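Hints are included, so try docking the two chains, each in its own frame, into the full complex.
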Amino acid sequence: MLAESAVDLKRGLVGREIFNDPDIYDTELQRVFGRSWLFLGHETQIPSPGDYITCKMGETPVIVTRDGGGAIRAMINSCRHRGNPVTRSDAGHARTFTCAYHGWCYDSSGKRVDSGGLVAVPGLKTYYDEKIDLPAWGLIPVAQVGVYHGLIFGTLDPQAVPLEEFLGDFRWFLDMVLDRGDFAAVPGVVRWRMKCNWKFAADNAIGDNAHAQIAHRSAFIAMERKLGAPRMGLGVDEPGFTILTDYGHGANCKTSYFAGTNDYDTASGKFQRIDPVYEQWRENPAIVEKMGPLRSQIVRYNGNVFPNLFIIDRLLMMRNPIGPGETEIRAIALYDRNASPEIQELQKRRAFRKFGPSGLLEQEDGENWDQATVGARIRAIKDAALNYEMGLGTGTFVNDGQTPPRIDSMINEHAQLWFYQSWADAMNANDWPAWRANHVRPEGTM
Amino acid sequence: MIIAGEASTTLEDVVLQHDVEQTLFREAALLDAHDYTAWLDMLTDDIVYWMPIRNTRAATELDLEFTAFGEGAYFDDDRGALEIRVEKRTNGYAWSEDPPSRTRHFLTNVRIVEKHTAGEVTVSSNMVVFRSRLDMDEDWWVGRRVDRLRKVDGRWKIARREIYLDQTVLKSKNLSTFF
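Note that the protein sequences, when read in sequence, are chains A and B.
Position 409 of the first sequence, counting from 1, maps to 409 under my numbering, and the rest follow consecutively.
One rule links them: number in my numbering = place in the second sequence (from 1) + 1000.
Okay, chain B solo, but in the shape it has when bound (with noise of 0.2 Å):
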């Protein structure tokens, strides 16, 4: 993964960096408008959806701050298993999201870190997301996304999204939120 690549100028490049992004911003004004069928639509049907853990290391030990994909992880998600909480969270008895939290999904810094061939692109961004919850429950959680893109009949599907958290204690009751 490139962290810090050049920056690109061609025409090429800012036209797919708008598109990129445009539908990166879609896909957060879906989840925040809670339509999870539109949102499962952006995905593909492999989608990989991955969230590790995270916990504080000495700085000799960094490689070991995140777990590795196969090991545990807040989220270790297929396209069924996606399926299924949006099922459990629509189908009237999911007592965490309703009355349903009000979230708003921030990001920023989005580049584009790798062209692959057959018109995929790794995607790196920041991200923010609230929840105001009843009266004064509020969460934040800050963290770094890298998206794999896939063009599937034209549109930018989501192919692989990895969630870098940067709290290690979640300070939240739960994760009923998508990222």
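Next comes chain A alone, as it looks inside the complex (with noise of 0.2 Å):
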């Protein structure tokens, strides 16, 4: 059970320890990362049998391939046997995987009850005299896994909730993105590494807007002065929402370009400037009939799919921790194959431009989490709880159908609150029935 000073929704604090404590730590991977739907890449990334690509549930290393009959399946990258990892290719082709210590040999598809799973071990007759068990061998699978417009996702829990359930109603989000062209994964698979605790890039992904005007003004009045790109005000409103649901999902949704200059023309439907390179679905009547009026006016959006799923614009990162003082992120970007060629060409060479270590943006980024976790760890005042009280008490939930559970505002920390409170509840449950009797609910005043 967490302290109560740990996340104390009513008050707007969040203790200094969650993000340095090694018990609190090693609770997260079991009962956070160890539960949830995490995100294991786009199905384009691996579009024929025998395709694969590596990555991991937390600290968790996993295998993702394509069956002979072109299903998703996902393994866990540690071989029977010693327990290394059977391949150390970060992507690739491959019929079977084969361990570089002994040799245990395993079909690529992953199948450990049927024919698949454990194909060959050397020796098998000499030294075994054939009395190993191969079926009962095989990789040992992720316990469920399963594919939502396009992104794949993996849970290490045999009780998880079905997928469309744990999304809930931030499918109305995913949607929105992932509606919007016919998306691809851009060749190339960016990571790196921060000295942060992930959950300080899950807190300013689902929703920290004010941050932007400060930690990014350098990037803002750039293009501001040599793009005659609109600035983002100091302290001043947004035209948007913010959209909250169940098991800690949320996102921002932006419907005009920067406070100011709202640029949605009512009357018309139209907005008056478009960047081709994001919203050339605009000129698509059947995209633009499929978001319906209100997901239309999105320009911008930022959210996380609980736990560690960042999604902006055209980006899918996963942060993933490694340790309670750093974390890798894996970035993939997505172009639309509806899209013209020019600007096909633009979404795949500028994907990581704005967002990405060398990203415009991101680059204030990195050094500011990492900060904030130097700050988690000062001895001497542990107990001073960090605060997050913009707009505290004045986030009245609406459900009134248009939207998933919404607060009217943009910049808050609402959505900061809800991501601690949700994530206070998984790692408050003792198992998947308890989380999900026992999880903050998106109604009432925050």
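Please keep in mind that the hints were generated in silico from the structure rather than gathered at the bench.
Keep in mind that the hints are not guaranteed to be accurate.
Said to hold, decoys possible - Mimicking SDA-like on lysine to any residue, the simulated pairs with C-alpha atoms at most 25 Å apart in a straight line are:
no. : chain 1 : residue 1 : chain 2 : residue 2
1   : A       : Lys195    : B       : Asp1098
2   : A       : Lys382    : B       : Ala1038
3   : A       : Lys226    : B       : Ala1038
Nothing here was measured: the structure is a model prediction, and the numbers come from that model.
So, in structure tokens, the structure goes:
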């Protein structure tokens, strides 16, 4: 059980210890990363049978493959003999995975109980007298795998609710992002490490719009001076709303580029300015219709699928913990196969120009999350909780059926508190049924 | 791209080698001194500044190790994009570089691997860039650089830079440095 002081939703406080306590971290690996549906990749990264990618579920190394029947499978990348990884590549094409230590060889489809799984062991006859039960010693599968709109998810917990239930109302947001084109992954997985606790990244992802005008001021000014791009003002509100759903998902949806430049013309239903790299879909009436009037107004968004998938523009970033004080980010970008060839080229070439380690915006994030993690370790003030009071008591959930539960405000700390309370619920649950029964619901006022 | 051509010792090539090396060393010194205005002046108007993404692949798939030009990249910048980066870095609000990082660019194994017509050369070099930041942050970026230099008004300028890092997972919180 977490200490009461870890997350105080009513007072808007979050304890520093949750960002560095090794026991809390160990519980996170079991109860948050061991139970949640976690993003593994995009199905276009493994288009053909035998294609595979590797990734992590928390700290657990995983292989994601497409089997001979075209189904996506995921298994833990650890030989049943001595535990070594059976592939050490980041991606590739393989019929089998052979451990480099003693040569245990696994079918790449990972079918453990059927004929697949462990298919060969050197010396099976000579050394083992054919006594190994091959089907019983296949790679250990990820308990459940699901695909939503091309996004591959997996959970290590056989008791987990189905993926669609876990995503729940947040599918409204995912549909908005993923219905805006015919998306495929841009070749290239960007991976980099920060010396930060993963939750500072998630806290930023789900709904920290207050930081942008300060942390990213240099980039906004540069883009304004060089490109004439509208700049976010200091201390002003923005049109838009925040959606928050069960199990800790959430997003900000902006209905204008920046405050004071609400360029959506209600009469014509058109924007004054359209960036074709992001918004060529607006020229496609079928997509506009699918979006509906409200989602069509959304020009920018950022969101987090609990616990650690950040979505912004067409970027999908997993933030995997490597201990309480280190995080590895794995980013992929999507491009729209319906867009014109010129736009597709720009979508690929500029995929990581704003976000990513070299990104004009994200350079500051790395610095800030590292520094926040340093601050969380200061022993002398360990009981001085961090302040998440922005908008506290004013965020009333609107449940009018137009959107998932939403709060009609863009700049607040409701989303961060939502993330931390949902995280605390997961941490306090003994198993999936308990988490399902006892978690904060998006209703009332925050 | 010639990986390891024969060395030339003609006087003309020795002088060219010296000229090219001193140009690249000067550029490195400007970057380490944070003199980005002078640095931009060493780039041609049509510069292509590109750092592909690398991943670990089996020996049989090594041709897929780097992303190709036109795919995802850490940097895929033209002059305009580089000017935005310099503007960002110098406008007084770039907190990831204020206080500024201390960098040191090391270039070795400089080889002219191709001489083109119209006074252009392709130069391959090995690169180590060290960054010390705040108290204890230290980053090392190691890789190969392939530059195309062009003589403009009697001075060498950089017309293309390709940076091939040896790391697949960056151990750095960001790439707020020029390479």
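Going down the list of hints, with the structure as the test:
no. : hint                 : result
1   : A:Lys195 - B:Asp1098 : holds, 19 Å
2   : A:Lys382 - B:Ala1038 : violated, 47 Å
3   : A:Lys226 - B:Ala1038 : holds, 18 Å
Hint compliance for this structure: hint 2 is the single one not met.
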